[in-house]
Amino acid sequence: MKNESLGEFEELVLLMVAAQHDEAYGVSIKDGLETSLDRDINISAIHVVLKRMEKKGFVQSRYGGITQERGGRRKKYYVITAYGKKMLDQQYAIRTSLYGNIPRINFS
Amino acid sequence: MQKKPPRHALNMLRWYCREDFLDEIEGNLIELFNRQANQNYNMACWWFVLQVLLHFRPDFVKAPSFIRNLSNSHIMLRNYLKIAIRNLRRTPSFTIIHIAGLTIGITASLLIFQYIHFEKNFDTFHELADRIYRVPITYSEGFGSFPKTASNHPGLGPAMLQDFPEVESFVRMVHPSNFGGTLTLRAQNESGQLISFTEEAGYLADSTFFDIFTFPLLEGNPQTALDDPSGIVITKNIAEKYFGTPYAVGKEIQTNFAGDKKLSVSAVVNDLPPNSHIDFEILIPFHSFFAQMSRENLWVWPEFHTYVLLKPGATPTNIEAEFPAFTDRYMAKIHEDHDFMTYFSMQPLLDIHLINDFANEITPPGSRRMITFLSILAIFILAIAYLNYINLSTSKSRERANEVGIRKTLGARKQQLVTQFLTEAAILNFTCVILGFILAVILLPQFQLLVGKDIGNSLLNSGIIFTGEFWILFVACIITGSIFSGLYPAFVLSAFQPVQVIRGNLEGGRQQFSLRKILVGIQFSVSILLIAATLLISRQIMYMNKQDLGYSKDQIMVVKAPIARDSITYMKTLRLPAELKKLPFIHSFTKSSEVPGRLIPLRSNSRQWGQANDMNVLNYLYRVDNAFLDLYEIPMLAGRNFREIDSSGIYGAPNNRVVINDVLAKSLGYTTPEEALGQFIEFKLGQPYHKAEVIGVAENIHQRSLKEAYDPLLFYYPSWSNWRYYSVKLETPDLAGAISRMEDVYKSVFEEASFEYFFLDEHFDEQYRAERRFSRVCKVMAGLAIFITFLGLVGLSALIISHRTRELGIRKILGAGNYQILTLVSREFLILLAVSGLVTIPVIFYFGKKWLENFAFNNGLGWQIIIVPVFLLVIIILSTIGIQMHRSNAGDPVEALREQ
Numbered sequence: 000m001k002n003e004s005l006g007e008f009e010e011l012v013l014l015m016v017a018a019q020h021d022e023a024y025g026v027s028i029k030d031g032l033e034t035s036l037d038r039d040i041n042i043s044a045i046h047v048v049l050k051r052m053e054k055k056g057f058v059q060s061r062y063g064g065i066t067q068e069r070g071g072r073r074k075k076y077y078v079i080t081a082y083g084k085k086m087l088d089q090q091y092a093i094r095t096s097l098y099g100n101i102p103r104i105n106f107s
Numbered sequence: 000m001q002k003k004p005p006r007h008a009l010n011m012l013r014w015y016c017r018e019d020f021l022d023e024i025e026g027n028l029i030e031l032f033n034r035q036a037n038q039n040y041n042m043a044c045w046w047f048v049l050q051v052l053l054h055f056r057p058d059f060v061k062a063p064s065f066i067r068n069l070s071n072s073h074i075m076l077r078n079y080l081k082i083a084i085r086n087l088r089r090t091p092s093f094t095i096i097h098i099a100g101l102t103i104g105i106t107a108s109l110l111i112f113q114y115i116h117f118e119k120n121f122d123t124f125h126e127l128a129d130r131i132y133r134v135p136i137t138y139s140e141g142f143g144s145f146p147k148t149a150s151n152h153p154g155l156g157p158a159m160l161q162d163f164p165e166v167e168s169f170v171r172m173v174h175p176s177n178f179g180g181t182l183t184l185r186a187q188n189e190s191g192q193l194i195s196f197t198e199e200a201g202y203l204a205d206s207t208f209f210d211i212f213t214f215p216l217l218e219g220n221p222q223t224a225l226d227d228p229s230g231i232v233i234t235k236n237i238a239e240k241y242f243g244t245p246y247a248v249g250k251e252i253q254t255n256f257a258g259d260k261k262l263s264v265s266a267v268v269n270d271l272p273p274n275s276h277i278d279f280e281i282l283i284p285f286h287s288f289f290a291q292m293s294r295e296n297l298w299v300w301p302e303f304h305t306y307v308l309l310k311p312g313a314t315p316t317n318i319e320a321e322f323p324a325f326t327d328r329y330m331a332k333i334h335e336d337h338d339f340m341t342y343f344s345m346q347p348l349l350d351i352h353l354i355n356d357f358a359n360e361i362t363p364p365g366s367r368r369m370i371t372f373l374s375i376l377a378i379f380i381l382a383i384a385y386l387n388y389i390n391l392s393t394s395k396s397r398e399r400a401n402e403v404g405i406r407k408t409l410g411a412r413k414q415q416l417v418t419q420f421l422t423e424a425a426i427l428n429f430t431c432v433i434l435g436f437i438l439a440v441i442l443l444p445q446f447q448l449l450v451g452k453d454i455g456n457s458l459l460n461s462g463i464i465f466t467g468e469f470w471i472l473f474v475a476c477i478i479t480g481s482i483f484s485g486l487y488p489a490f491v492l493s494a495f496q497p498v499q500v501i502r503g504n505l506e507g508g509r510q511q512f513s514l515r516k517i518l519v520g521i522q523f524s525v526s527i528l529l530i531a532a533t534l535l536i537s538r539q540i541m542y543m544n545k546q547d548l549g550y551s552k553d554q555i556m557v558v559k560a561p562i563a564r565d566s567i568t569y570m571k572t573l574r575l576p577a578e579l580k581k582l583p584f585i586h587s588f589t590k591s592s593e594v595p596g597r598l599i600p601l602r603s604n605s606r607q608w609g610q611a612n613d614m615n616v617l618n619y620l621y622r623v624d625n626a627f628l629d630l631y632e633i634p635m636l637a638g639r640n641f642r643e644i645d646s647s648g649i650y651g652a653p654n655n656r657v658v659i660n661d662v663l664a665k666s667l668g669y670t671t672p673e674e675a676l677g678q679f680i681e682f683k684l685g686q687p688y689h690k691a692e693v694i695g696v697a698e699n700i701h702q703r704s705l706k707e708a709y710d711p712l713l714f715y716y717p718s719w720s721n722w723r724y725y726s727v728k729l730e731t732p733d734l735a736g737a738i739s740r741m742e743d744v745y746k747s748v749f750e751e752a753s754f755e756y757f758f759l760d761e762h763f764d765e766q767y768r769a770e771r772r773f774s775r776v777c778k779v780m781a782g783l784a785i786f787i788t789f790l791g792l793v794g795l796s797a798l799i800i801s802h803r804t805r806e807l808g809i810r811k812i813l814g815a816g817n818y819q820i821l822t823l824v825s826r827e828f829l830i831l832l833a834v835s836g837l838v839t840i841p842v843i844f845y846f847g848k849k850w851l852e853n854f855a856f857n858n859g860l861g862w863q864i865i866i867v868p869v870f871l872l873v874i875i876i877l878s879t880i881g882i883q884m885h886r887s888n889a890g891d892p893v894e895a896l897r898e899q
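Sequence order for the protein chains is A and B. Going by numbering that gives the first Met the number 0, the first residue of the first sequence is number 0, and it counts up by one from there. Going by numbering that gives the first Met the number 0, the first residue of the second sequence is number 0, and it counts up by one from there.
It is worth saying that the hints were derived from the structure and are not from the lab. Worth double-checking, as some hints may not be accurate.
Unchecked claim - Taking beta-carbon pairs under 10 Å as the criterion, some of the chain B residues facing chain A (in silico):
{"no.": "1", "residue": "I24"}
{"no.": "2", "residue": "N33"}
{"no.": "3", "residue": "R34"}
{"no.": "4", "residue": "Y40"}
{"no.": "5", "residue": "Q50"}
{"no.": "6", "residue": "L53"}
{"no.": "7", "residue": "H54"}
{"no.": "8", "residue": "D58"}
{"no.": "9", "residue": "A62"}
{"no.": "10", "residue": "D350"}
{"no.": "11", "residue": "L353"}
{"no.": "12", "residue": "F357"}
As the list claims (entries may be wrong) - Taking lysine-lysine pairs in the DSS-like style, the calculated list, with each CA pair at most 25 Å apart, reads:
{"no.": "13", "chain 1": "A", "residue 1": "K54", "chain 2": "B", "residue 2": "K332"}
{"no.": "14", "chain 1": "B", "residue 1": "K690", "chain 2": "B", "residue 2": "K706"}
{"no.": "15", "chain 1": "B", "residue 1": "K683", "chain 2": "B", "residue 2": "K665"}
{"no.": "16", "chain 1": "B", "residue 1": "K61", "chain 2": "A", "residue 2": "K50"}
{"no.": "17", "chain 1": "B", "residue 1": "K571", "chain 2": "B", "residue 2": "K332"}
{"no.": "18", "chain 1": "A", "residue 1": "K55", "chain 2": "B", "residue 2": "K516"}
{"no.": "19", "chain 1": "B", "residue 1": "K581", "chain 2": "B", "residue 2": "K559"}
{"no.": "20", "chain 1": "B", "residue 1": "K452", "chain 2": "B", "residue 2": "K240"}
{"no.": "21", "chain 1": "B", "residue 1": "K261", "chain 2": "B", "residue 2": "K571"}
The C-beta atom is built at its ideal place from N, Cα and C for all residues, glycine as well.
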């Protein structure tokens with residue numbers, strides 16, 4: 000695969016998928032992100048991002064069992080792939096190195 | 000209890016969402032919905048609807064059902080489309096040739112279709128059109144060979160209403176010129192100035208006019224517009240001309256009719272539809288006038304256009320059967336006295352424009368010949384374009400042979416291959432029809448200029464696209480076009496045997512060449528025909544322009560004379576010539592009732608003095624003064640011109656000296672001009688016959704265009720006359736200055752009349768307008784045909800050269816020169832051209848002769864007509880092939896052989 004980019008929201012969702020390892024699905028990701036970010040997140044945005052990342056190969060998915068609370072629909076669980084993890088690591092490395100370059104600034 | 004999300008939203012989600020995403024999305028939405036529904040059900044429902052809408056995006060939406068439900072054949076069709084488009088793109092030059100040729104053909108035929116549609120739909124806008132009939136007159140043979148006239152006697156309408164129960168109503172229209180002059184209107188314009196114009200398109204009409212005809216009124220009540228004898232109906236155009244506003248009801252207009260009566264505008268008619276055969280600007284109610292008209296005139300004045308409205312459901316057959324008895328009832332005495340018969344007929348309003356050979360029409364009728372001619376042109380051009388397609392696609396079959404072979408090996412059936420090639424043709428045809436339609440809309444104004452006719456504003460505005468006829472043509476164009484152009488190539492291409500193709504053996508394709516030859520031959524023939532027609536027409540026009548007319552028409556300006564209505568204006572008409580003659584730049588001056596350039600309306604009969612009624616011959620009456628023959632330089636064959644003393648000086652005195660022209664002398668029975676000199680003849684002027692002495696015989700002149708034979712003319716010199724024209728021979732380099740000086744003089748005598756003039760040569764030339772139009776149309780269409788043929792030639796020669804590259808290369812090595820190779824390749828075409836030339840000669844001669852028969856004076860056919868088109872095509876063929884050879888490097892053996 001070529002150099003895929005990772006948008007900001009994509010990165011957040013991917014982080015959440017990685018954090019909720021093997022238990023991540025749409026609603027849980029939404030809940031997780033809402034709690035950590037303290038803002039409302041639209042489920043449709045999460046769906047779009049998940050599809051996109053699955054296409055890019057950052058995540059894989061599997062179906063779970065049918066539950067009553069979901070109107071008889073199966074859950075779709077997502078798990079991060081090695082490639083996705085690498086992407087996250089890269090992103091993290093870039094950020095830390097950039098952060099390290101910040102000179103000491105006194106804002107007070 | 001579990002709460003349900005809104006059903007419609009859920010159904011919608013299920014309807015649009017991709018199956019493989021539905022579980023996840025619907026599941027997640029319902030889970031979140033349930034969470035919220037426990038707190039606030041309504042809010043949750045709104046949230047759910049919003050979410051469903053937010054998910055409606057390309058990522059989640061499934062493909063439309065018609066794509067999902069494609070069966071195998073549909074998939075194949077999609078494949079055909081794909082292959083077709085790829086093929087078209089692979090050879091862009093051929094695609095452009097195809098598309099350009101077909102588009103031109105379709106555009107031309109669409110435009111022609113619109114013209115024909117316009118011509119065939121004359122007068123259809125009248126609501127009662129199918130119940131309106133006109134009653135024209137046909138005369139018995141021998142009555143001075145009077146032509147059939149569109150107008151009838153004033154007594155006809157009322158008599159028909161009284162005698163035939165089928166007739167509901169009638170209307171008569173008559174041109175004011177029948178009452179002794181032109182119609183002049185005077186009115187005060189918005190700034191209070193008195194303005195005055197002479198109006199040509201004015202009619203006196205019965206008050207029933209608007210009951211029978213449906214013309215759009217801008218203002219006023221159609222029922223009563225013509226009821227008031229002091230009313231006048233004008234068009235928007237006239238209202239704007241006189242008053243500066245279209246809303247003129249109630250304004251006053253003075254006419255020179257009915258004793259300078261003041262009339263008030265009772266209605267304003269909107270612009271007349273262009274497809275109306277009745278073309279009027281002014282209508283003056285005439286019923287009060289009719290009532291006063293003397294009874295003797297009722298049946299001897301065939302100048303009234305009479306239309307009758309039949310009752311619903313009535314047919315004209317009964318009336319026509321009764322006509323002989325009807326005619327007898329009213330005209331028996333007249334027939335007996337003058338020894339002739341008249342026949343009436345019922346002519347449907349809708350036929351008037353096209354099925355028509357009557358004299359005295361309100362507007363010139365349409366030409367059926369033009370329609371036929373244009374239809375043939377359209378078919379020709381379309382045919383050439385389709386033939387191009389057939390030719391090129393069959394000739395291209397070698398390039399496609401491998402594809403066909405492989406498809407067949409892989410199990411394609413012949414029928415499938417045919418479908419594939421037809422699809423290609425259909426795509427091309429469809430593109431071309433769309434392009435053609437767009438072009439037709441864009442080019443309509445140019446086309447209208449070309450045919451010299453306003454045929455509705457545009458394809459869209461004229462409402463044609465809303466007619467079934469149009470869509471039938473549209474769809475038929477695509478379907479028949481595709482089948483016609485695609486079927487044969489499809490069968491040729493699909494007939495290849497795969498084994499042979501793959502072995503490289505294409506002998507199976509040999510047979511097609513004979514058909515190709517025929518098609519190319521047809522193209523050549525059509526091109527030759529069109530070029531020949533163009534040549535023939537322009538040659539004839541040139542001939543007519545060069546021909547000596549028998550009189551001089553250069554530097555002659557004709558001033559329309561004002562009408563003497565009373566003694567005061569009569570004195571003015573005497574003063575005006577005297578004043579004009581004083582101007583230094585006027586070389587000579589003459590007064591007359593007519594000038595050359597149109598059919599003389601005043602017909603009469605004449606015979607040798609003392610002969611019986613049945614020796615009558617037709618002649619046209621020409622009132623002239625003693626300067627006329629000199630000014631127009633009409634030579635005398637025998638005798639002398641008029642002198643001052645030949646006019647007797649008293650109004651109404653018998654005109655006892657006349658000059659006749661050569662044809663009249665011959666038809667009166669004098670074998671030589673000299674024989675006629677001093678003889679007495681009698682001619683009809685008004686009711687009685689006049690005895691007159693022939694003092695001179697003038698040479699024949701072309702009173703009308705060279706389409707017509709010489710008219711028999713009888714010149715006489717009355718002492719008092721309503722001269723209609725003053726002809727002035729000018730001798731000045733400053734034409735504009737001269738005209739304005741004359742206008743000043745004119746205005747100083749006739750302050751209220753308008754100064755109107757024309758130049759004789761232009762006036763005469765007007766008669767050839769139809770021929771010029773014909774020639775223009777022919778030129779453009781011939782140009783298009785040549786262009787399409789040329790496109791086809793470019794394509795074909797490119798193909799042939801590419802097939803023979805190797806052969807030509809080897810020939811080159813063995814010593815053939817460029818010239819020899821050019822002959823070799825073009826020989827096939829040149830032979831075809833020769834054959835086409837031979838085939839078309841009889842056609843050209845037959846139709847050329849027929850066309851020339853319309854001209855009493857014609858130039859004959861001439862050898863150029865056949866030689867020039869062939870020669871032109873030879874040049875086109877050789878240059879096309881030469882250029883193609885040059886481009887494809889066919890002459891370079893190294894390149895040619897390396898390629899393979």
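Against the structure, the hints come out as follows:
Hint status for I24(B): holds, given a least beta-carbon distance of 6 Å to chain A, under 10 Å. This hint holds: N33(B) has a C-beta 6 Å from the nearest C-beta of chain A, less than the 10 Å allowed. The interface hint given for R34(B) is met, as the beta carbon of that residue sits about 8 Å from the closest beta carbon of chain A, less than 10 Å. With its C-beta approaching chain A no nearer than about 16 Å, Y40(B) sits outside the 10 Å limit, and its interface hint is violated.
Checking Q50(B) against chain A: minimum C-beta separation of about 6 Å stays under 10 Å; hint holds. The closest approach between the C-beta of L53(B) and any C-beta of chain A is roughly 4 Å, which is under the 10 Å cut-off, so the hint is satisfied. Interface restraint check: H54(B) against chain A, minimum CB-CB distance 5 Å, threshold 10 Å, status holds. With 10 Å as the threshold, the beta carbon of D58(B) comes within range of chain A, its nearest partner Cβ sitting at about 6 Å, so the hint holds.
With its C-beta approaching chain A no nearer than about 16 Å, A62(B) sits outside the 10 Å limit, and its interface hint is violated. Taking 10 Å as the C-beta contact cut-off toward chain A, the hint placing D350(B) at the interface is violated, the least distance being around 70 Å. Interface restraint check for L353(B): the shortest CB-CB distance to chain A comes to about 68 Å, outside 10 Å, so the restraint is violated. Contact between F357(B) and chain A, as hinted, is not supported at the beta carbon level, the nearest pair being about 79 Å apart and thus beyond 10 Å.
As the CA atoms of K54(A) and K332(B) are separated by approximately 105 Å, the hinted pair breaks the 25 Å bound. For the suggested pair K690(B) and K706(B), the alpha carbons sit about 33 Å apart, so the restraint of at most 25 Å is broken. Pair hint K683(B) plus K665(B) holds up; C-alpha atoms about 18 Å apart against a cutoff of 25 Å. In summary, the hint linking K61(B) to K50(A) is supported, as the alpha carbons are separated by about 14 Å, within the 25 Å threshold.
The straight-line distance between the Cα atoms of K571(B) and K332(B) is roughly 43 Å, outside the 25 Å bound, and the hint therefore fails. Taking the CA atoms of K55(A) and K516(B), the gap is near 60 Å; set against the 25 Å cutoff, the hint is violated. Among the hinted pairs, K581(B) with K559(B) is consistent with the structure: their alpha-carbon atoms are about 18 Å apart, no more than 25 Å. Only pairs whose Cα atoms come within 25 Å are accepted, and K452(B) paired with K240(B) is accepted, the gap being roughly 23 Å.
For a cut-off of 25 Å, the pair hint linking K261(B) to K571(B) stands: about 23 Å separates their Cα positions.
Checked against the numbered hints given earlier, this structure breaks hints 4, 9, 10, 11, 12, 13, 14, 17, 18; the rest are met.
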